[in-house]
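*Asks:* Read top to bottom, the protein sequences are chains A and Z.
Quick note: to get this note's numbering, add 46 to the position in the first sequence (first position is 1).
Quick note: to get this note's numbering, add 6 to the position in the second sequence (first position is 1).
Treat the hints loosely; a few may be bogus.
With a cut-off of at most 25 Å between alpha-carbon atoms, the simulated SDA-like pairs for lysine to any residue come out as follows [to be verified]:
hint	chain 1	residue 1	chain 2	residue 2
1	A	LYS165	Z	PRO545
2	A	LYS165	A	ALA175
3	A	LYS171	A	ASP137
4	A	LYS171	Z	ALA511
5	A	LYS165	Z	VAL514
6	A	LYS171	Z	ALA507
7	A	LYS165	Z	ALA511
8	A	LYS165	Z	LEU207
9	A	LYS165	Z	ALA507
10	A	LYS171	Z	TRP510
11	A	LYS171	Z	VAL491
12	A	LYS171	Z	ARG304
13	A	LYS165	A	ALA179
14	A	LYS165	A	THR126
15	A	LYS165	A	GLU129
16	A	LYS165	Z	LEU593
17	A	LYS165	Z	LEU174
18	A	LYS165	Z	ASP213
Counterexamples of contact, computed for chain A against chain Z with all Cβ distances above 10 Å [to be verified]:
hint	residue
19	ASP147
20	HIS153
21	ALA179
22	ALA214
23	ALA230
24	ALA322
25	GLY364
26	ASP387
Across the chosen pairs, the derived CB separations fall in these ranges [what the hints assert, rightly or not]:
hint	chain 1	residue 1	chain 2	residue 2	range
27	A	ARG375	Z	ALA202	40 to 48 Å
28	A	ARG166	Z	ARG305	54 to 62 Å
29	Z	ARG305	A	LEU134	50 to 58 Å
30	Z	VAL405	A	GLU192	30 to 38 Å
None of these hints come from the bench; they were simulated from the model.
Being a predicted model, the structure only gives us computed values, none of them experimental.
Just so it is clear, CB atoms sit at the ideal spot from N, CA and C, and this is done for glycine as well.
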Amino acid sequence: MTATPPSATPPSGATDALVVDRLSKSFGATRVLDEVSFSVEPGRFLVLLGPSGSGKTTLLRCLAGIERPDGGSIRLGARTLAEGRTHLPPDRRELAMVFQDYALWPHMSAAENVAYALKRRRPTKHQSATQVAAALERVGLGGHAERYPHQLSGGQQQRVALARALVARPGLLLFDEPLSNLDADLRERLRVEIAALTRESGATVVYITHDQAEAFALADTVGVLEQGRLVQLAAPEEVYQRPASPFVARFTGLAGELDGQADGASHAGRVMCATAAGSLVATAMGEHGDGAPVHVLLRPAAVTIAEDSGEAADASHGLSGTVADTAYRGRGYDHVVELADGSRLTGVFDRRACPRGARVRVTLDPDGCFAYPASSSRPTGAGQDAAPLSDRTPVEVP
Amino acid sequence: MTDTMLTPGPRTAAGADQASPAGPPRPGRLLQPRVAGALRLLPWGLFAAVLLLPVAGFLLVAVSPRLFDQGDAWFTWAPFQQVLSGWTAHALLDSLAVGAGAALLATAVALALAWLTERTTLAGQGLWRLLLWALLLAPSYLESLGWTWLVEPQGVLDRLLGQDPVWLRSVVFGPAGVIWVLATRGVPFAYLAVTALLRGLGREFEDAARTHGGGRLATARVVLPMLAPALWAAFATVFAESISDYGVAATLASQGNFPLLTGAMEQSISTFPADFPLASAMGWLLLALVGLALLAQRRSLRGRSYQVLSGRTRPARRARLGAVRQTAALVGVGGFFLAAAGVPAFGAAAASLLPSGGKVSAASLSLANFRHVLGSGEMMSALGYSARLAAITACAAVVLGAVAGRALARQGGGRAGRLLDLLLLAAIALPSVLLASGYIFTYNLPFASSLGIDLYGTTTLLVLGYLAGALPSAARLLSGPLGQVSDSLLWAARIHGRRPAAAWAGAVLPLVAGSLVWTWLIAFCGTLLELPVSQLLAPPGQEPLSVAITRQLQGYDLGAGAAMTVVVVAGALVLIGLVLGALRLFLPTARRLEALA
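Generate the whole structure from the sequences, applying the supplied hints.
*Replies:* Here it is as structure tokens:
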């Protein structure tokens, strides 16, 4: 990935590396965090992505000091926040957090909410007023300082929460799904503001979300959590283009899945797969011997369709299918295509509409088709999102 | 990129021999949450043992008198047979009839009142709600005393009219009077149950009935059954409250020679020698009746869903009352409150102002009774004693109630939460007279003394009795507001640099201060004038206020008792006003949030 250059304005609070080592946490018999290890360099933006129940909220609460981990350690620069019997209380960790429900104190005005967080720096009255006004101005709420939370819209409330988190210039900023309660349009605008403001502050950021589009858009690094384990930690592009496991591939958006056998051994990272829907070339995820069962996962961006001319030459490449549904998306059309074996590909985009029932040729880009050994590729979704991961809205990375 | 990346994820696969500080979970770690959970419950277990176990012991004596040296039989039904015959059977039937009558009347009045205040443009809504609160807070014996002072021989009416109101007295000192007083006490409970549902019952059900051709009457017939859960709840609550009420049994009913179960219980304990097995059997019956009422309410709703609140519910439209209907409604509602609160208040005020003897004229009205009361050491010491105990009880109830209420709100679904919920519900449903009887009995047993628990006949036991009455409702009152304060508000304060106490004081206290103060006031006023526990548990040589006031009923100093009542009620009102005023002055946010809610 392209490394984001450090901010021009260093924060007043020291920005230190966050190092999490073998962090574990159980609730009763349920292991919620299973030896999670990662580190974030100063000023970098880490997004932890995972379905509900994957342990991301618990991980964030451990970082904040709200939960006490059972094992492992958390260090921020030279300071140990948690290790063994050491458990620094939240008020001594020198961090700030934006909560999912905003957690604005309803009896305080916007300015009072922000000033409350600044008090730890023991500013003079004048300094406090100036910095609070500047923080509110920075989030576009300069004219709303005296309003109470109930007099502000959801987006404005979240901006106050953002100003409150930034005002004391903490070394570590935590975000707990801060955009999940907002509508789509507002979410996009606030996402841009969060990205700009946090990078400007220079703080190290840990942000959790279950929205892969949000994760890819914000992160320097994305960590994917599955049932309490960190299964991939990499740049967004790498997570999308080289998903470490079928789970990661599914969670970051698929058009469909096909079962088949390797037709010949894998070579130069590619493998030929024979499936009931037809033959295709896919990126080999692991070693495949000739005839070994494979499970192929297809990114929506890897699928293109063209009308089936019915000529014999056409049958030599791609798969054939029938359009089962067409949905207008403004800049083009999303199609659901039923393949010869009855399996379906969803979210297949084309600028032109193919009518329902039309015969089409499906062309696949091998870069977006991942062939995993069949044994490793079964969904492991127990206790997680009820909807199959392949039904998630696909994202497209340009 | 690799610059922020360490080897991610699970390392357990790397081999079991790898040194791991987390390692496999140690047995101690697995036990920890359970032990911690048990420790959290321990104080409540202890508390339940101190407050509720005595009642269990008392209930045991009915079936096994020998166990407590109260008879020869190890196991017997005799006390129950005794209760179900003779005058106690009469008292049981009276209680049943009076309870059912009061519940029916209160439910009907509350339904009409709720409909008028929630669904019409009735004038004076704030006043009516205030009066309902007054009815809810005033102990039942005060209303009984108001009527008594009015109709008794040489009472207010007798002396004002110059004629003994024999007919009215026979009505008041009989089933009708008892039912009326209990029903008026029950109306606020029933009103709360009905309005809660009526508010949520949106306009769409009425609209649907009207658009499908229903007239006004047909629409009412469609909507009324939807109120069934609230009506059943109202009926069951008022029934349970009425049959376990002691204030009316000790005043109106006892004077009218109309025995009620709670009065009979008190009598069998107060007479010498005390007949505990008989009182215990009556306690069983009382508890069974309360339980049956609540069970009947639950069963009546089984298999039927009455969910009427949804995201699409639209606020109901208020019917506009024309001049004639408005007047009629005001006369009806005003008449009810006049009879429920105005007449007894007039009785008390007049009795306190009338001279102790001689001819009555406007000129003869005087403040002599007030001067006498305020100058009398006996009455003032009773007031001081009760005020002290009420303050202690209210403080303890608020602190413990806040902790229990918080636990209730946090662990609502869990086993601990359900257990706590059950304990509180049991304590609320427990009639005060049964509670006090249990305390008298158990803490007087020789083994209590041998265990070093010498509480019998002490002010501590009286306070414990008060607390057992006040704590459950305080916990329930506080569990709502405390449960509404999101955890994240407190954590946000901690994360932004506040220590636990400062975080709580800054982020949570201002949000719940109003509820804490209200709960304190309710506990204080309720304890200040509490009768059954005071009557049964007052230590020798100390007379709580309610006991001193009801003693005046014996007739030898009518005016002083009435004057004392007026002084105390006025004092309580002033206190409520002062405290709420101070709250608004010093914590303006509490008021703003109240308005918001």
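*Asks:* If a hint holds in the structure, say so; if it does not, say that too.
*Replies:* Cross-check of the supplied hints:
1. A:LYS165 with Z:PRO545: At roughly 54 Å apart (the allowed maximum being 25 Å), PRO545 of chain Z and LYS165 of chain A break the hint.
2. A:LYS165 with A:ALA175: 11 Å, holds
3. A:LYS171 with A:ASP137: Holds. LYS171 of chain A to ASP137 of chain A sits at ~22 Å (cutoff 25 Å).
4. A:LYS171 with Z:ALA511: OK: LYS171 of chain A and ALA511 of chain Z at ~21 Å, within 25 Å.
5. A:LYS165 with Z:VAL514: 18 Å, holds
6. A:LYS171 with Z:ALA507: Holds, at roughly 24 Å.
7. A:LYS165 with Z:ALA511: Measuring from Cα to Cα gives roughly 15 Å; hence the hint holds.
8. A:LYS165 with Z:LEU207: 47 Å, violated
9. A:LYS165 with Z:ALA507: With a Cα-Cα distance of about 16 Å, the restraint between LYS165 of chain A and ALA507 of chain Z holds, given a limit of 25 Å.
10. A:LYS171 with Z:TRP510: 23 Å, holds
11. A:LYS171 with Z:VAL491: Distance ~30 Å between LYS171 of chain A and VAL491 of chain Z Cα, so the pair is violated.
12. A:LYS171 with Z:ARG304: 59 Å, violated
13. A:LYS165 with A:ALA179: 14 Å, holds
14. A:LYS165 with A:THR126: Satisfied, since the Cα-Cα distance of roughly 24 Å is no more than 25 Å.
15. A:LYS165 with A:GLU129: 28 Å, violated
16. A:LYS165 with Z:LEU593: 21 Å, holds
17. A:LYS165 with Z:LEU174: 70 Å, violated
18. A:LYS165 with Z:ASP213: Not satisfied, since the Cα-Cα distance of roughly 55 Å exceeds 25 Å.
19. ASP147: Non-interface label fails for ASP147 of chain A: nearest chain Z Cβ at 6 Å, not farther than 10 Å.
20. HIS153: Contrary to the label, HIS153 of chain A does not stay out of reach of chain Z, its closest Cβ about 4 Å off (not over 10 Å).
21. ALA179: At about 18 Å from chain Z, ALA179 of chain A clears the 10 Å cut-off, so the statement holds.
22. ALA214: Per Cβ check, ALA214 of chain A is inside 10 Å of chain Z; nearest 7 Å; violated.
23. ALA230: 20 Å, holds
24. ALA322: 33 Å, holds
25. GLY364: 34 Å, holds
26. ASP387: 34 Å, holds
27. A:ARG375 with Z:ALA202: 40 to 48 Å: Since the Cβ atoms of ARG375 of chain A and ALA202 of chain Z sit about 47 Å apart, the hinted range of 40 to 48 Å holds.
28. A:ARG166 with Z:ARG305: 54 to 62 Å: The hint (54 to 62 Å, Cβ to Cβ) holds, given that ARG166 of chain A and ARG305 of chain Z are roughly 57 Å apart.
29. Z:ARG305 with A:LEU134: 50 to 58 Å: This hint holds: roughly 54 Å between Cβ atoms.
30. Z:VAL405 with A:GLU192: 30 to 38 Å: Given range 30 to 38 Å: holds, Cβ gap about 35 Å.
In terms of the numbered hints stated before, the structure departs from hints 1, 8, 11, 12, 15, 17, 18, 19, 20, 22, listed from lowest to highest.
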